Each structure stands twice: as C-alpha cells, then as structure tokens.
Amino acid sequence: MSGLLLAAASESPKVHLTSQTRVIAAVLALAFMGLVLELIRRDKLQERFSVVWFVAGLGMLVGAAFPGLLTLVADAMGVRDTNVALFSIVLLFLLGLALNFSVTMSRQAAQITRLAQERALEKANAQANNGKSHDMTRSSGR
Amino acid sequence: MRTLVFIPAWNEEGSVASVIADVRECLPEADLLVIDDGSTDATGERAREAGALVASLPFNQGLGAALQTGYLYALREGYGACAHLDADGQHPPREVARLLQEIYGDRADLVIGSRYRDPSKAESDDYKPTLSRRIGTGVFRFFLTLATRQRFTDTTSGMRAANRLVMALFSEHYSPDFAEIESLQLAVREGLRVEELPVRMLERAGGSSFLTPLRSAFFIFKGMIVLLVGQFRPRHAEASER
Chain A
1 MSGLLLAAAS ESPKVHLTSQ TRVIAAVLAL AFMGLVLELI RRDKLQERFS VVWFVAGLGM
61 LVGAAFPGLL TLVADAMGVR DTNVALFSIV LLFLLGLALN FSVTMSRQAA QITRLAQERA
121 LEKANAQANN GKSHDMTRSS GR
Chain B
1 MRTLVFIPAW NEEGSVASVI ADVRECLPEA DLLVIDDGST DATGERAREA GALVASLPFN
61 QGLGAALQTG YLYALREGYG ACAHLDADGQ HPPREVARLL QEIYGDRADL VIGSRYRDPS
121 KAESDDYKPT LSRRIGTGVF RFFLTLATRQ RFTDTTSGMR AANRLVMALF SEHYSPDFAE
181 IESLQLAVRE GLRVEELPVR MLERAGGSSF LTPLRSAFFI FKGMIVLLVG QFRPRHAEAS
241 ER
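Protein sequences, first through last, are from chains A and B.
Residue numbering for the first sequence follows this note's numbering, beginning at 1 and increasing consecutively.
Residue numbering for the second sequence follows this note's numbering, beginning at 1 and increasing consecutively.
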C-alpha cells in the first residue's frame with residue numbers, strides 16, 4: 001500500500017514524498033499491523049504465519065519514514081527507476097510467500113490423507129471385531 | 001503365508017459385490033479388504049453385505065491414497081503378502097493368484113499384472129485399449145523404461161502383488177497424484193525386484209473410464225513431470241517426514 005503511494009509520489013527518479021503522503025503511508029502501515037494483531041487476538045491467524053505479515057507492515061512503515069532508503073536500494077540493484085525496484089521487490093516477496101503457502105498446503109494435504117487413512121483402518125478394525133460376534137448371532141439366529 | 005487382497009473402490013456399487021465373490025472363490029485363503037474411497041453411492045454397504053472388511057475413507061482421496069491404505073493395513077496386520085485389483089471387474093482374480101505365486105516363490109518383491117499380452121491369444125471379451133489410451137501407454141512405457149532401465153509394458157496397471165518390503169516402502173511413500181507410475185519408479189530406485197507378468201484383463205463390467213482426450217493429454221504431461229522429478233528424489237529417503 002505504501003508502495004503505491006511511494007510510486008505515485010515519485011515522478012522524478014528521486015523519491016520525493018510530501019509529508020502528507022508519508023503520514024498516510026505510515027497510518028496505513030500501522031493500521032495493517034493493527035489488523036494482523038487483531039486477527040491473531042481473535043484466533044483467525046496463527047502466530048507462526050503472522051511474523052511475515054508483521055515484518056511486511058514494518059517495511060511499509062520504514063518506507064514511509066525514510067523514503068530515501070528506497071533510492072539507496074534501487075541504486076544498489078542498479079535500477080534507475082525506483083518504482084521498478086519497488087515493484088520488483090514486492091513481487092518477489094509475494095511470489096516467495098505464495099510458494100511457501102503451497103509447501104504448507106502440500107504438507108497439510110499429506111497429513112489429512114494420513115488422518116483419513118488412520119480413521120478408515122480404525123473403522124475396518126472395529127468391523128473386524130464386531131464381525132466376530134455378529135457372525136455368531138447370525139448363525140445362532142438361523 | 002498370510003495374504004491380504006485389497007480392492008480400492010470409488011462409486012463401484014454395481015460391480016464390487018461380484019468382484020468380492022470372485023476373489024473369495026479363486027483365493028479362499030486370503031483375507032479381503034475393500035477400501036471405500038469416499039464413495040457417494042452404496043459401495044461400502046454392498047462390500048460389507050458381500051462379507052468383506054471395509055475401510056472407508058471419510059472423503060475421496062484418490063487412488064494413490066486408497067492403495068496406500070491397503071499397504072498400510074497389510075503391513076500393520078503382519079501379512080506376508082498382499083495383492084490388489086480394481087473393483088470394476090476388469091481384473092480376473094484367477095490372474096491375481098498367479099501374481100501371488102511369484103511372491104510366495106520369492107521370485108520378486110513386486111509383481112505387476114500387464115494387460116498387454118500376446119495378441120494371437122486374444123479372446124473376444126479381452127481388454128481393448130482406446131487410441132488415446134494407446135498413445136499414453138506408449139509415452140509412459142518409453143519414459144519409465146528410460147528412467148528405470150527396465151522394460152515395462154503396462155505402467156498403469158492396478159493389479160499388483162507385493163511382499164513386506166514393498167508394503168513398508170509404499171505405506172510411507174506413495175504419491176497421491178501419480179500412484180501407479182511413480183511407485184514403479186520408486187520401487188526400482190530402491191533396489192526392489194519388480195517383475196511384470198502378462199495377464200488376461202476384461203472389459204470393465206461397470207462404471208466408465210475417467211479419461212477424455214484432453215484429460216489424457218494432461219495426464220501424460222503430468223506423468224512426464226512426475227517421472228522427471230522422481231529421478232532426482234533422494235534414495236532411501238527418511239521415513240519421518242510425516
């Protein structure tokens with residue numbers, strides 16, 4: 001979010017943010033971090049998944065406080081346009097995060113499968129144990 | 001040797017009972033387990049009525065997970081040998097008995113029943129593959145042979161017999177996405193003796209194949225990726241991932 005604001009503010013290669021946009025960016029970053037905390041508090045988000053989002057919020061806040069940092073990063077990357085540098089970083093970050101979620105999902109899918117298998121085998125074992133007494137009642141009934 | 005025959009079944013209420021009866025007749029010594037893979041019809045009830053033990057997965061998990069359930073059961077209950085066949089009536093249990101003989105004789109760890117046999121001996125109700133099936137089979141044959149350096153003709157056969165080495169391996173590592181092919185690659189890579197035996201297969205009695213041409217193409221593409229990735233998997237991977 002601060003990225004968009006930063007991008008909008010930088011028409012020249014150097015990043016020039018008015019104090020107004022910086023305040024808005026900072027407020028948005030704080031609101032984002034507040035939202036993350038609130039989600040944890042209401043058990044909608046587990047702590048271990050929240051760290052990365054909290055760090056992202058901090059990054060937004062730092063970007064709003066020190067817009068010059070972005071220019072430094074862009075220079076270090078050898079990118080003339082700071083907007084491109086910003087979007088590249090954000091894009092790579094989100095790509096990595098999406099991959100991380102796929103890995104998590106794969107692990108959980110495997111766990112769910114094993115859980116289903118264990119449950120199925122328990123049922124089969126219960127049937128086997130019941131079956132013994134069941135067969136006896138059936139044969140005595142006829 | 002104590003033997004378990006297991007039958008993965010997904011919505012096969014029309015054929016599962018007769019398959020169970022056939023297995024009973026041809027393999028009277030073997031215990032029977034039907035793995036009901038989250039069927040929405042009466043597959044589980046039909047199997048229970050037919051006198052089979054039924055392991056019902058609470059939701060559909062795919063063929064790989066269903067087969068793994070069978071291997072897991074066989075391993076835990078201490079069976080010396082196990083075999084599985086499809087629930088749609090394509091696999092005559094008499095042929096499963098032949099596969100098991102190879103396991104009893106310790107001539108192989110895993111035996112695959114291949115539907116491709118000498119065409120001159122073909123009978124009228126034999127299995128006849130469709131064109132898309134033949135293309136897919138050719139591609140898989142080529143790549144699996146390349147990957148394992150062992151000749152396979154029927155890479156997707158669901159009629160197999162196995163000993164305890166295979167049970168131990170497959171109950172831990174069995175790809176849910178591409179069970180048949182990857183399991184062969186895995187078994188060969190782990191140094192197990194995998195053997196193919198030509199068997200007679202019939203046209204399916206009920207249900208229909210899930211393969212349409214587009215799906216077949218995707219199936220083949222996915223299979224090739226799976227095989228490629230499989231070549232780079234670590235051997236004797238630790239069994240403690242889950």
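Derived from the structure by calculation, the hints contain no laboratory data.
Treat the hints with care, as some may be off.
Stated by the list, open to error - If you only want the chain B side, here are some residues facing chain A, beta carbon under 8 angstroms, derived:
1. Ala50
2. Gln61
3. Leu63
4. Gln68
Remember, predicted model here, so these are calculated numbers, not experimental data.
All residues carry an ideal CB built from backbone N, CA and C; glycine is no exception.
Going down the list of hints, with the structure as the test:
1. Taken as an interface hint, Ala50 (chain B) does not check out: its beta carbon lies about 13 angstroms from the nearest beta carbon of chain A, beyond 8 angstroms.
2. Residue-level restraint check for Gln61 (chain B) holds (minimum Cβ-Cβ distance to chain A is 5 angstroms; threshold 8 angstroms).
3. The beta carbon of Leu63 (chain B) is not positioned within 8 angstroms of any beta carbon in chain A (closest approach about 12 angstroms), and the interface hint is therefore violated.
4. For the restraint placing Gln68 (chain B) at the interface with chain A, the shortest Cβ-Cβ distance is roughly 7 angstroms, inside the 8 angstroms limit, so the hint holds.
When held up to the earlier numbered hints, the structure conflicts with 1 and 3 and fits the remainder.
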